[in-house]
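There are 2 protein chains.
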Amino acid sequence: MKRNVLIIGAGGVAQVTAHKCAQNNDLLGDLHIASRTKAKCDQIIESVREKASLKVDGVFKAHSLDAMDTAAVADLIHQTGVQIVINVGSPFVNMTVLEACLETGTAYMDTAIHEDPAKICETPPWYGNYEWKRREACAEKKVTAILGIGFDPGVVNAYAKLAIDDYVNEPSSIDIVDINAGDHGRWFSTNFDPEINFREFTGTVYSWQQGAWQTNKMFEIGKEWDLPVVGTQKAYMTGHDEVHSLATNYPNADVRFWMGFGDHYINVFTVLNNLGLLSEQPVKTAEGLEVVPLKLVKAVLPDPSSLAPDYVGKTCIGTLVKGKTEGQDAEVFIYNVADHKDAYNEVGSQGISYTAGVPPVAAAMLIADGTWDVGTMKNVEELDPKPFLNILNRIGLPTFIKDANGERPLTF
Amino acid sequence: MKRNVLIIGAGGVAQVTAHKCAQNNDLLGDLHIASRTKAKCDQIIESVREKASLKVDGVFKAHSLDAMDTAAVADLIHQTGVQIVINVGSPFVNMTVLEACLETGTAYMDTAIHEDPAKICETPPWYGNYEWKRREACAEKKVTAILGIGFDPGVVNAYAKLAIDDYVNEPSSIDIVDINAGDHGRWFSTNFDPEINFREFTGTVYSWQQGAWQTNKMFEIGKEWDLPVVGTQKAYMTGHDEVHSLATNYPNADVRFWMGFGDHYINVFTVLNNLGLLSEQPVKTAEGLEVVPLKLVKAVLPDPSSLAPDYVGKTCIGTLVKGKTEGQDAEVFIYNVADHKDAYNEVGSQGISYTAGVPPVAAAMLIADGTWDVGTMKNVEELDPKPFLNILNRIGLPTFIKDANGERPLTF
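Protein chains in written order, with full-length UniProt numbering: chain A, 1 to 412; chain B, 1 to 412.
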């Protein structure tokens with residue numbers, strides 16, 4: 001039994017996580033939120049109070065924190081008495097926060113792979129470069145660390161585990177498909193931090209096929225998918241975190257990630273990328289100023305959290321597993337459909353933030369009640385998916401299945 | 001009779017001007033070249049020596065100069081004893097250099113309208129904002145100042161004057177058409193300083209039609225033109241310097257400027273412009289760094305002078321005048337065709353720099369021999385075009401005409 005939660009980060013995802021923690025504070029206990037800019041945390045708490053999200057009277061405090069500073073994170077953990085840290089800050093802070101959790105014996109979660117700001121797309125499997133090097137330390141200190149517990153990675157890993165446990169025992173392929181069929185009404189915007197968004201696509205596209213890492217370029221391989229609710233959508237093979245753990249856990253299956261992109265996004269990306277404007281390496285202007293192009297691009301683009309009020313339409317994200325069960329061909333697509341406007345009405349954020357920010361709260365609830373408090377480091381497909389998906393069914397991200405028997409909700 | 005020339009600037013156009021001055025140093029006398037970075041001037045002089053461009057033995061010296069500093073420019077004029085200044089530096093320095101010429105009684109030329117770095121596209125007529133305010137001072141001090149004596153503005157103004165003098169006495173329209181049908185082989189590049197290039201297109205498109213200034217957006221009005229040598233080409237109505245003087249001198253004619261753009265250029269421009277990356281106004285990154293987006297875009301794009309070795313194809317730039325002569329409908333297109341590879345072989349620059357850099361040398365020769373040493377400020381259409389076009393026929397930019405009698409070279 002663990003109680004009291006520290007949320008690190010104050011962007012769109014953190015806002016969702018904050019609301020969802022508040023809605024379940026009877027189980028989670030005291031709530032704290034910390035980021036470099038305390039004012040952003042104050043705003044989030046203000047929004048939680050406006051929507052009366054706290055289920056029971058309780059603590060929700062804002063803190064200023066440099067999450068790159070392990071000692072500062074450990075101090076805050078001691079000072080607040082939290083036993084669970086949900087890290088939804090920048091992926092540059094994962095290792096410093098995890099280190100603080102190891103020092104203090106606190107449960108840790110994040111939603112994206114650790115990144116070094118100066119490097120794009122390291123060698124696969126990505127988790128092997130930073131996270132898994134701390135696995136033994138977690139086991140030794142009995143620290144629960146759940147990696148990549150957003151929607152994708154996260155819920156889609158649980159979908160894969162469920163599909164293989166119950167529907168396709170011998171998987172030959174695992175395809176994650178992520179379609180955002182929403183419309184934010186801007187000429188161009190990314191749906192989350194532009195710096196992180198573009199960094200996903202400027203490197204090599206790694207997939208696991210025929211038992212080995214394969215490399216492609218972004219937008220090299222596209223495919224039309226016919227999906228529930230959102231219909232026929234074109235998606236492109238993309239490098240993504242969950243490929244790197246699923247390929248390690250299911251090495252006999254091909255593992256690929258597909259993300260939907262419209263022609264307009266691809267065109268803007270291609271122009272910026274070909275001109276060198278998505279580079280993480282500084283260039284010098286004629287006046288001698290050193291500028292990282294990607295950071296300027298981030299500065300001129302809309303703040304993704306500003307999109308929420310006008311965002312309409314739905315997302316469909318799921319896991320398609322094909323293979324055999326008892327010698328027979330089998331295929332199952334397990335998925336969720338989220339609505340941007342519903343997310344805004346409930347927690348003041350758009351659907352992309354919603355799908356990423358709710359799952360770590362479900363995981364925190366499972367750590368709080370002991371179900372997932374496993375005392376070591378895990379990727380999501382290494383945990384029992386059913387209690388997790390059951391909570392998500394209840395708190396806003398219901399699971400559906402499509403197979404030979406049609407489409408239907410899944411409960412356990 | 002004036003002698004000894006100071007070239008200000010050390011870009012691609014300055015390189016052409018330097019070679020052409022050298023090829024005519026028997027008339028022009030001592031040559032000097034100055035820019036902020038003396039090393040660039042040294043390189044240009046080295047290139048002049050490599051190609052043995054100096055017609056007769058003579059002086060060619062490099063200098064370091066901050067051309068925004070009028071006193072420094074005046075000092076250099078005194079020190080070198082020049083009587084003619086060819087300003088082919090950034091358009092931000094026009095007024096400080098002109099002021100130094102006024103102080104020292106030196107003839108002045110430039111190739112583009114003066115610009116304030118912090119302002120895009122001021123009110124029409126553009127020359128009225130800075131240049132023409134110094135017209136009286138030039139007349140009082142008997143200083144010859146020839147404005148906009150590149151190709152466009154410059155030669156095209158002379159074409160307009162010639163067309164109206166000799167072929168279309170009552171002009172109803174003057175259309176300048178600028179087509180670059182060359183290929184530089186890069187994914188994207190501007191043909192001259194990206195900062196100046198993009199600044200031309202981010203503001204209002206001013207044209208003079210039906211006796212008044214009309215406003216349009218860039219790429220709003222496009223038209224296919226069937227031109228000599230380069231064939232059918234799409235060009236778009238664009239704001240450009242010469243519209244502002246020709247409209248003042250020929251207020252009864254519609255005056256428009258058309259520049260050729262491929263779909264690829266338009267797409268890249270549209271993406272950069274819509275995202276705010278062509279702005280001259282600083283933005284602040286999340287890290288607190290103030291950056292002028294346009295200056296970063298300049299830094300990531302190819303240096304236009306690097307394009308020359310691979311540039312192939314031709315340019316066609318000319319003036320189409322329609323109207324009446326002795327009561328009869330009349331129409332004439334006066335134009336030049338330049339070849340990128342020929343330009344590179346002769347002076348080490350591509351064709352766009354060549355067409356801009358040669359005309360001020362022809363004008364310098366006419367100031368040197370007294371023909372154009374008018375002792376006041378003039379736009380090019382206010383001067384006798386024939387001696388000017390005759391020199392250009394001889395030094396690399398021959399004039400052609402297309403009218404009811406067909407296409408043919410023009411000599412006088």
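Read the hints as simulated data drawn from the structure, not as lab findings. Hints are supplied without guarantee of correctness; some may be wrong.
[Claimed, not checked] Straight-line alpha carbon distances no greater than 30 Å define the calculated DSS-like cross-link-like pairs of lysine-lysine that follow:
(1) A:Lys119 with B:Lys324
(2) B:Lys386 with B:Lys324
(3) A:Lys284 with A:Lys341
(4) A:Lys284 with B:Lys324
(5) B:Lys386 with A:Lys284
[Said to hold, decoys possible] Stretches of chain A that chain B covers, calculated by requiring three or more beta carbons in the stretch to come under 8 Å of a beta carbon on chain B:
(6) 70-82
(7) 262-271
(8) 277-285
Beta carbons: idealized from backbone N, C-alpha and C, even for Gly.
Against the structure shown, which of the earlier numbered hints fail to hold, in ascending order? Hint check: 1, 3, 4, 5 and 6 fail, others pass.
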